[in-house]
Amino acid sequence: MKILKLLIFANMLYGNGFESNNSYTRDLKNIFSTKHIREYINYPNIVKDYSISGISVVEFIVHSSGDIDNIEIIKSIGEPFDKEIMIGLEKIKSEILVGYKISEQFKYRLPIYFKN
Numbered sequence: 476m477k478i479l480k481l482l483i484f485a486n487m488l489y490g491n492g493f494e495s496n497n498s499y500t501r502d503l504k505n506i507f508s509t510k511h512i513r514e515y516i517n518y519p520n521i522v523k524d525y526s527i528s529g530i531s532v533v534e535f536i537v538h539s540s541g542d543i544d545n546i547e548i549i550k551s552i553g554e555p556f557d558k559e560i561m562i563g564l565e566k567i568k569s570e571i572l573v574g575y576k577i578s579e580q581f582k583y584r585l586p587i588y589f590k591n
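Residue numbers 476 to 591, in the working numbering, belong to the letters of the sequence shown in order.
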């Protein structure tokens, strides 16, 4: 039986002048940490038998309301992976970001490494 692995590398693209030692910035980075992303973005079931691996990159804006929009897949390894990313971001928005106090909107670029 194959063991599925989903490794995520997250990098803040820019955050409207946030300081790197600011606790607020650290909290925001934790939202999109490997641990959280692994819980919400899964390897697509439809392609499990094909052992596809690679990096997808998604970019989006997080608004002060906690809403995520302007989602753009910058680099895609296939439609099933893109769908899983969109589903995962919707879950993050509704389960983590709702009620989270965000003082300024920011743009985020999230590279995601899928491996089967």
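If you're looking for bench data, these hints aren't it; they were derived computationally from the structure.
Keep in mind that a hint or two might mislead.
Across the chosen pairs, the derived CB separations fall in these ranges [as the list claims (entries may be wrong)]: (1) N545 - D524: 28 to 38 Å; (2) G553 - E579: 32 to 42 Å; (3) I548 - I571: 15 to 25 Å; (4) S539 - N591: 34 to 44 Å; (5) G574 - I521: 32 to 42 Å; (6) I527 - S569: 20 to 30 Å; (7) I521 - K550: 18 to 28 Å; (8) I536 - T509: 32 to 42 Å.
Each residue gets a CB set at the ideal place from its N, CA and C atoms; glycine is no exception.
* Whether the CB-CB distance between G553 and E579 falls inside 32 to 42 Å -> 34 Å, holds
* To do: Mind checking the hinted window 20 to 30 Å against the Cβ distance between I527 and S569?
  => 28 Å, holds
* **I548 versus I571 beta-carbon gap, inside 15 to 25 Å or not** => 21 Å Cβ-Cβ, so the 15 to 25 Å window holds.
* Does the hinted range 32 to 42 Å hold for G574 and I521 at CB? -> 33 Å, holds
* Asked: Is the gap between the beta carbons of N545 and D524 within 28 to 38 Å?
  -> 34 Å, holds
* **Verdict for I536, T509 (Cβ pair) under range 32 to 42 Å** => 21 Å, violated
* So the hint says 18 to 28 Å: do the beta-carbon atoms of I521 and K550 match that? -> 20 Å, holds
* With 34 to 44 Å as the target window, see if S539 and N591 comply at their CB atoms. => 37 Å, holds
Taken one by one, the earlier hints fail for this structure only at number 8.
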